[in-house]
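For reference, the chains in residue letters:
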Amino acid sequence: MESDENRIDRNNRKTSRKKMIVIALIPLIVLSGMLVFLLGPGMSILNIGIPLPEITIEKIEFQNDKIVAFIRNTGPEGVEVAQADINDRMIPAAIEPSKTLSRLAEAKVIVPFSWIAGVPYEVGITSSDGTRFSKSVEAAALAPTPNVQQASYFALIGIYVGVIPVLIGLLWFPFIKRLGMNKYKFFLSLTAGLLVFLGIDALIESNGIVAENIAGAFNGQVLIVMITIITFLVLLYTSEKLVDRAIMKSDANSSKSNLVTYHSSSSSSSSTTKDPQKQQQQQQQQQQQLAKPFAIAMMIAIGIGLHNFGEGLAIGAAVLLGEVALSTFLIVGFTLHNTTEGLAIVAPMAKSGGKVTIQKLIVMGLIAGVPTIIGAWIGGFLYSPIAAIIFLSIGAGAIFQVVFSITSWMSSNASEPRKALLSTPMIAGFTVGMIIMYGTSLLIPS
Amino acid sequence: MSRSKIILIAILLTGSLTTAFAISFLSEVSVVVAQNNNNVFSKEEEKTTTKETIVTGGHGTGYNTVSTTGDVLDSINADERTDLTIDPMKYLREFNYGKVSTTDNGIRLHEFTIIAQDKNLEVSPGVFMDAWTFNGTIPGPTIRATEGDLVKINFINNGSKPHTMHFHGIHQSQMDGVFEIIAPGGSFTYEFTAEPFGLFLYHCHMQPLEEHISKGLYGVYIVDPKTPRPPADEMVMVMNGYDNDFDTENNFYTVNGIPNYYMHHPIQIEKDKLIRVYLVNILEFDQINNFHLHANLFHLYRTGTSLTPNEYTDMITFSQGERAILELSYKYPGPYMFHAHKTEFAEKGWTGLFLVKEDQSEPDVTAFKKGENAVYPPEIGNNTFTTQTKTKDSQSAAVVSYGEASQGGS
Numbered sequence: 046m047e048s049d050e051n052r053i054d055r056n057n058r059k060t061s062r063k064k065m066i067v068i069a070l071i072p073l074i075v076l077s078g079m080l081v082f083l084l085g086p087g088m089s090i091l092n093i094g095i096p097l098p099e100i101t102i103e104k105i106e107f108q109n110d111k112i113v114a115f116i117r118n119t120g121p122e123g124v125e126v127a128q129a130d131i132n133d134r135m136i137p138a139a140i141e142p143s144k145t146l147s148r149l150a151e152a153k154v155i156v157p158f159s160w161i162a163g164v165p166y167e168v169g170i171t172s173s174d175g176t177r178f179s180k181s182v183e184a185a186a187l188a189p190t191p192n193v194q195q196a197s198y199f200a201l202i203g204i205y206v207g208v209i210p211v212l213i214g215l216l217w218f219p220f221i222k223r224l225g226m227n228k229y230k231f232f233l234s235l236t237a238g239l240l241v242f243l244g245i246d247a248l249i250e251s252n253g254i255v256a257e258n259i260a261g262a263f264n265g266q267v268l269i270v271m272i273t274i275i276t277f278l279v280l281l282y283t284s285e286k287l288v289d290r291a292i293m294k295s296d297a298n299s300s301k302s303n304l305v306t307y308h309s310s311s312s313s314s315s316s317t318t319k320d321p322q323k324q325q326q327q328q329q330q331q332q333q334q335l336a337k338p339f340a341i342a343m344m345i346a347i348g349i350g351l352h353n354f355g356e357g358l359a360i361g362a363a364v365l366l367g368e369v370a371l372s373t374f375l376i377v378g379f380t381l382h383n384t385t386e387g388l389a390i391v392a393p394m395a396k397s398g399g400k401v402t403i404q405k406l407i408v409m410g411l412i413a414g415v416p417t418i419i420g421a422w423i424g425g426f427l428y429s430p431i432a433a434i435i436f437l438s439i440g441a442g443a444i445f446q447v448v449f450s451i452t453s454w455m456s457s458n459a460s461e462p463r464k465a466l467l468s469t470p471m472i473a474g475f476t477v478g479m480i481i482m483y484g485t486s487l488l489i490p491s
Numbered sequence: 002m003s004r005s006k007i008i009l010i011a012i013l014l015t016g017s018l019t020t021a022f023a024i025s026f027l028s029e030v031s032v033v034v035a036q037n038n039n040n041v042f043s044k045e046e047e048k049t050t051t052k053e054t055i056v057t058g059g060h061g062t063g064y065n066t067v068s069t070t071g072d073v074l075d076s077i078n079a080d081e082r083t084d085l086t087i088d089p090m091k092y093l094r095e096f097n098y099g100k101v102s103t104t105d106n107g108i109r110l111h112e113f114t115i116i117a118q119d120k121n122l123e124v125s126p127g128v129f130m131d132a133w134t135f136n137g138t139i140p141g142p143t144i145r146a147t148e149g150d151l152v153k154i155n156f157i158n159n160g161s162k163p164h165t166m167h168f169h170g171i172h173q174s175q176m177d178g179v180f181e182i183i184a185p186g187g188s189f190t191y192e193f194t195a196e197p198f199g200l201f202l203y204h205c206h207m208q209p210l211e212e213h214i215s216k217g218l219y220g221v222y223i224v225d226p227k228t229p230r231p232p233a234d235e236m237v238m239v240m241n242g243y244d245n246d247f248d249t250e251n252n253f254y255t256v257n258g259i260p261n262y263y264m265h266h267p268i269q270i271e272k273d274k275l276i277r278v279y280l281v282n283i284l285e286f287d288q289i290n291n292f293h294l295h296a297n298l299f300h301l302y303r304t305g306t307s308l309t310p311n312e313y314t315d316m317i318t319f320s321q322g323e324r325a326i327l328e329l330s331y332k333y334p335g336p337y338m339f340h341a342h343k344t345e346f347a348e349k350g351w352t353g354l355f356l357v358k359e360d361q362s363e364p365d366v367t368a369f370k371k372g373e374n375a376v377y378p379p380e381i382g383n384n385t386f387t388t389q390t391k392t393k394d395s396q397s398a399a400v401v402s403y404g405e406a407s408q409g410g411s
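Chains as they are written, first to last, in the numbering used here: chain V, 46 to 491; chain A, 2 to 411.
Bound-form chain A, shown alone (with noise of 0.2 Å):
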């Protein structure tokens, strides 16, 4: 008996060996059939997700696209934001002289009233942080005078931390912003001379530093020379970043306060014509910073002291608090990516584009936000599955376009 249950066992063994591998050898069969399956598949699928909204990875040409019946997750596109940080369009070009009138001693004044809030922003699409601003913006309104002028500041806190403003440059000591602080609800007049000539910065000096820097509380100050620079496009960029958890390292990166803004908004300009760029960088934590200019180099005037350029380069790297001004102009219309070359702070969201053009009249600004342009958004599939095949095809090129537009023409 028990040698016959054993062959019957056995033979129980051997049965499902052969179908162990009569399905193996089946799977392989069935690989060829679904390779083939796959196309009539995606075929099909087409037609049934044509109206589903498409997301498009990456800020690069030709980057994978999947098409959702949700809702779209959109790190990059600022359009339909509510509480923005500020206004990058409007600051960048935006100085402010202030309340001008002359003394007595026939020395002009500029009057400034700052107020120092608390206020809830986006600092990125969808992410909120509380922050600390000036005049509810971050960064704060930049501030210009001339050498020699009188700058008057009306601080008033109305934040729930006591703040001071301790602005770059010569000037008195209880003018420094350090030792008088100014408690919530409290208000304190700076007084000081604009002096020397060159492009300086203003954050609040309150303790923990770190803390009143990275919540927002700084902006640009210019002094201009007496004899003024030669006329050009000016404007500011700032370099910063948000540390929306918390946890003393920045998830985003921004020129002008909102990540990835100006590649949406591309920054309009004028081939052959002069551009100066007032840069600074009042990035906390990270060691460094850095702006690189695509197709095209610029004339460096660090902390803009000098009216000789210090170096003719593409690339400038700043630690915390340091800025230069940047002359250049295009020879070639067309759009050029400008960026951080610390890739990493590109990709979370420290990335512009200048778009130059041959004159006023084209290309417009809308053509960028709706996709219609070459560069900007990327190729859009009809849906997921043409979108794969097409990658599948192009994959390589796709992502060396990603690459370079990233990473920049290195």
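Bound-form chain V, shown alone (with noise of 0.2 Å):
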């Protein structure tokens, strides 16, 4: 009997399944035979207004006597280009691969041009209706030749800029480790201060890119939202399962090494079993508080090793476009902003009493600086307007990941967590930590 029930249950689920898949797809038929009669001929009913051709100019780069301006189609339809001038007056060039654009295609305009170093030009070019769609460099400077030369430049840059502050900024760990409560927590707040600064700084430089270069064809600031988003669920979904793991593995070592007094209690007498749990419990909350601040600690690393990422990018773009010129000053600026970016790694692992080995330190200072220099590299010898922004998305939402982690940490270890939050010390940290951002900021000339 029972058997047969479950016969006839799984009969009912197996129609039901089918039936689903049907119910499913009847909306996806109906809608591709909407499809097919929309686009099928005779439709030019619905064809209101003239669709305007669309092309930007993404990029611009200055070579030995020519500029290269890479262009894409973003318009509603192909576009056949017709004339490149350079400042509005006709030059004959080269277009790469072909003429004809079809829609997001893009190409390489080549135009002879003796071109002078340091001042303004502006590219356009004019699709075959008559339209013409120019950009504007504010200041000519020789694009970057991928040669061990320049990758080496970058690579200098990128360690002044990225490596060296992040590990001046881990020179504070012991200071950090010293502190009082309350003044811990005040250097806490105040990393996630100038966490705060980084992300919503990231936000808007990608916004200025989105702007700047890129066509609204490709809805660049939802883009940036939704990356962010998705860059803050995804991390934070899978550091809670990096904490979980650590907790985990820290279990299993310490249930190894107390096997044998635990499964002697348990065995010996029913009455004692409360004193083993509670001190399951107790260890368990160690070990939770030791791997937490690593876990948040590697997160900031990573989360600022994309920011600085990000931050290569824009400084071997600017290289590339000619839009800054790199000073000592320059440099030093950004010295100074991302020295602080260590005392962020340092301050969630003074306080959790762990051993942290320097080794540790050091790879995590790496995880940070590093990807300056790689950002440096790509943004130098690669720019792409949409990844900068995405590589800006993926940093911001890594940084809000980041505070968002330690003020969940930090509240969670209070016996009032909104108090703990709200406290003179958290306070005035976070926005101490803004102000030291902005004001190093001002180092920085954009």
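No lab work stands behind these hints, which were simulated from the structure alone.
By construction, the Cβ of each residue, glycine as well, lies at the ideal position given by its N, Cα and C atoms.
Treat the hints with care, as some may be off.
[Stated by the list, open to error] Here are the simulated DSBU-like pairs of lysine-lysine, each with C-alpha atoms no more than 35 Å apart in a straight line:
| hint | chain 1 | residue 1 | chain 2 | residue 2 |
| --- | --- | --- | --- | --- |
| 1 | A | 343 | V | 180 |
| 2 | V | 180 | A | 120 |
| 3 | A | 358 | A | 227 |
| 4 | V | 153 | A | 120 |
| 5 | V | 228 | V | 286 |
| 6 | A | 227 | A | 91 |
| 7 | V | 153 | A | 343 |
| 8 | A | 272 | A | 227 |
| 9 | A | 358 | A | 274 |
| 10 | V | 222 | V | 405 |
| 11 | A | 332 | A | 227 |
| 12 | A | 332 | A | 272 |
| 13 | V | 104 | A | 343 |
| 14 | A | 153 | A | 91 |
| 15 | A | 274 | A | 343 |
[Stated by the list, open to error] Counterexamples of contact, computed for chain A against chain V with all Cβ distances above 12 Å:
| hint | residue |
| --- | --- |
| 16 | 90 |
| 17 | 106 |
| 18 | 119 |
| 19 | 159 |
| 20 | 194 |
| 21 | 196 |
| 22 | 208 |
| 23 | 229 |
| 24 | 291 |
Fit the two chains together into the complex; they arrive one by one in their own frames, and the hints show the way.
Rendered as structure tokens:
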């Protein structure tokens, strides 16, 4: 009887699954039918208005005796490029791969031109219907070519701007470690303040790139918000998993060592079972307290690494696009600005009471710092505005996740979470952190 | 413990600093290496890129070139074009006297049919504009009669907007092409005596005037004196522009309808022969326009209403609607530029060449098209990289020659 019922149940389930698939597909079938109808012949009645062409000039490079513009057809239809000009003066040019661009297709326009360094130029592209699209560059500068010299130059900038400052910041570890609880809280929330500033900075930066270089067709601003939120959620999820795994591991280790006593006590008498349970809970709490700061520090290091990657991209791209004259002053500004990032990494670990090895610190420092070099390479040699905003948004999401982790960690340790977060040292630290970042950011001419 | 940690971090810092210094030192060294390598690199590239198309920048001698595997955006050469605004070579020396007959009073009558029509025309290589035309071309046909003759124009408006024909010269109010508006599909007959002798123009006079003129509704009207001017190689030159993106600013400037056309197809003239140019400025939007002749001067007859020249010069500036007859002859054979000495206009298409020939036999126009002549197109290197190395040596020379070519011998 039971087996029959089961069988019927299973059959029901089977048919319902089939049904489910069909039900799910019906709207899609109707939709595709509608698309066929709309795109089929004789539907010109819906073509209202004239589709205007749109060509976006995404990047302009100044090479030896030529100006190269990277363009994209961001209009609703295919477009034919007719002419190129420099400063609105007709100049014959080459276009690769073809002058016919389908929607969202890219092309490279090469204009032979004896440009002068430091002088502003406007590149114009005229489509076959006579519409002209243009983009200007503030000051022409020779585009870096990917060779040993340029690569080492960018690596050098990356080391000065990213690696060294972070490592300097790590030197605050012993200082933070010796601080009283209130002062420690101050510095921890100062870290949060620094990070929030960096996150907002990344968002604004990527918004700027969207406004200047990315066509409306890509919905750049929505892309920023989407990537930031997704990064935030994914990192939150993975960091929780990381912490859980760390606890599980340490649990397993400790239970092994305690195995004998644990077993003996449980087997000997049932009355003493309460004690080991308590013991276990205590242990778990301890492990959690140890594992969490490490995880947070690691997440901070990764988040800052992504941010520094974005910073590297920005520096490399600025050199490539001739938007900035890299000076010692700029490097000094970045160095001061980024030293605070090292502080942000060590702060959560300082009070964990666990062993913090030098190797771990250095690894974290490198995770945070080295991406600057990689970013500078990518930004300087193969800059793409889309890639830039993607990385900057990932960085922003990572940073906000870190801030979230820090604050939730701080509040979870306290008996009254809300009061703990709104205490004087916390608010003061957060405020000072933001102000420090703003102050040091003024040293970086944008 | 913490002290040793500080020491370790300090060591690490000094380590990375030394690395930084080492890299900066190495990069100094690699500059030299890279410079040496560049030469090798360019030689390797030479072999691989020889089959590519060569694009020459600018329109002067010695300008740098690039080679490409893609398409060429040649804003200057109009050879492979389809819907030209006009055939500038034909237009240059084409004078229309209409259907000539004699009235009962013994007066010579010139009868013309002019049709206004909308047309999508290629105003510059690859660039198309929705134009309005007289008889399908920009500029419209050149109308010519002798002082005292009767001119009769059967005007048909096949365009989508109302138009008129307004002639400069002396005539009655109802023949002025201002108050009688000819609706699409309508027609009108203009009739007037050709007077006085001189160089005039005609254009549509509908509001908005700017739009009707900039879209192409204009042409030249010549009235010859009863005693003809001395025989000469006569030609018409109309200075105009195109606002193909409709922002009330011209994108291209031309003489006789196509930017840079006579740079590739020089106007061939004979040495020592009298050349008479009927020069008209119809340019919309811009305040002035001008004409500058290289290596020569011309006698200027303002509005062509006198047989005595006003001036002997190499340069004449007009506002919109102004015109003059230019008489010149060349003493030496060779190619000579003429262009707007408003350099911006020159660089947007208002340039051309006279090719003064010793006799009829040489040189041939095709020489200019194919670049066998030293003047145009400029020297063509085998590829990008050779040209680059060449221009490194002769960069200043290249720039100078470009400047001379475009700005004239000023």
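Evaluation of the provided hints:
Distance hint between residue 343 of chain A and residue 180 of chain V is fulfilled; the C-alpha atoms sit about 25 Å from each other, no more than 35 Å. For the proposed pair residue 180 of chain V and residue 120 of chain A, the alpha carbon gap of about 31 Å is at most 35 Å, so the pair holds. The suggested pairing of residue 358 of chain A with residue 227 of chain A holds, with an alpha-carbon distance near 32 Å, which does not exceed 35 Å. Taken as a hint, the residue 153 of chain V and residue 120 of chain A pair is honoured in the structure, with Cα atoms around 32 Å apart against an allowance of 35 Å.
Between residue 228 of chain V and residue 286 of chain V the CA atoms are separated by roughly 30 Å; this keeps the pair inside 35 Å, and the hint holds. A C-alpha spacing of about 26 Å is found between residue 227 of chain A and residue 91 of chain A, which places the hinted pair at or below 35 Å, so the restraint holds. Between residue 153 of chain V and residue 343 of chain A, the direct Cα distance comes to roughly 32 Å. Compliance with the 35 Å bound is thereby established for this hinted pair. The hinted pair formed by residue 272 of chain A and residue 227 of chain A meets the criterion: a straight-line CA distance of about 28 Å does not exceed 35 Å.
A hinted pair counts as satisfied when its Cα atoms are at most 35 Å apart, and residue 358 of chain A with residue 274 of chain A qualifies at roughly 10 Å. A C-alpha spacing of about 16 Å is found between residue 222 of chain V and residue 405 of chain V, which places the hinted pair at or below 35 Å, so the restraint holds. At most 35 Å may separate the alpha-carbon atoms for a hinted pair to count; residue 332 of chain A and residue 227 of chain A meet this at roughly 30 Å. Taken as a hint, the residue 332 of chain A and residue 272 of chain A pair is honoured in the structure, with Cα atoms around 6 Å apart against an allowance of 35 Å.
Under the criterion of a C-alpha separation no larger than 35 Å, the hint pairing residue 104 of chain V with residue 343 of chain A is consistent with the structure, at around 31 Å. Straight-line distance between C-alpha atoms of residue 153 of chain A and residue 91 of chain A comes to about 24 Å, which keeps the hinted pair within the 35 Å bound. With a CA separation close to 28 Å, the supplied pair residue 274 of chain A and residue 343 of chain A stays within the 35 Å bound. Its beta-carbon lying about 21 Å from the closest one in chain V, residue 90 of chain A satisfies the requirement of being farther than 12 Å from that chain.
Distance check on residue 106 of chain A: its Cβ is at least 50 Å (rounded) from any Cβ of chain V, clearing the 12 Å threshold; non-interface status holds. Even its closest Cβ contact with chain V, about 15 Å, leaves residue 119 of chain A beyond 12 Å, as expected for a residue assigned away from the interface. Every CB of chain V lies more than 12 Å from the CB of residue 159 of chain A, the least distance being 23 Å, so the non-interface label holds. Look at residue 194 of chain A: its CB is around 41 Å from the nearest CB on chain V, clear of 12 Å, so calling it non-interface holds up.
With a cut of 12 Å on Cβ distances, residue 196 of chain A stays outside the contact zone with chain V, its closest approach being about 40 Å. Separation of residue 208 of chain A from chain V is adequate, the least Cβ-Cβ distance of about 23 Å exceeding the 12 Å criterion. Distance check for residue 229 of chain A against chain V: the nearest CB is about 40 Å away, which clears 12 Å, and the non-interface claim stands. Non-interface status of residue 291 of chain A relative to chain V is upheld: no Cβ of that chain comes within 12 Å, the nearest being about 18 Å off.
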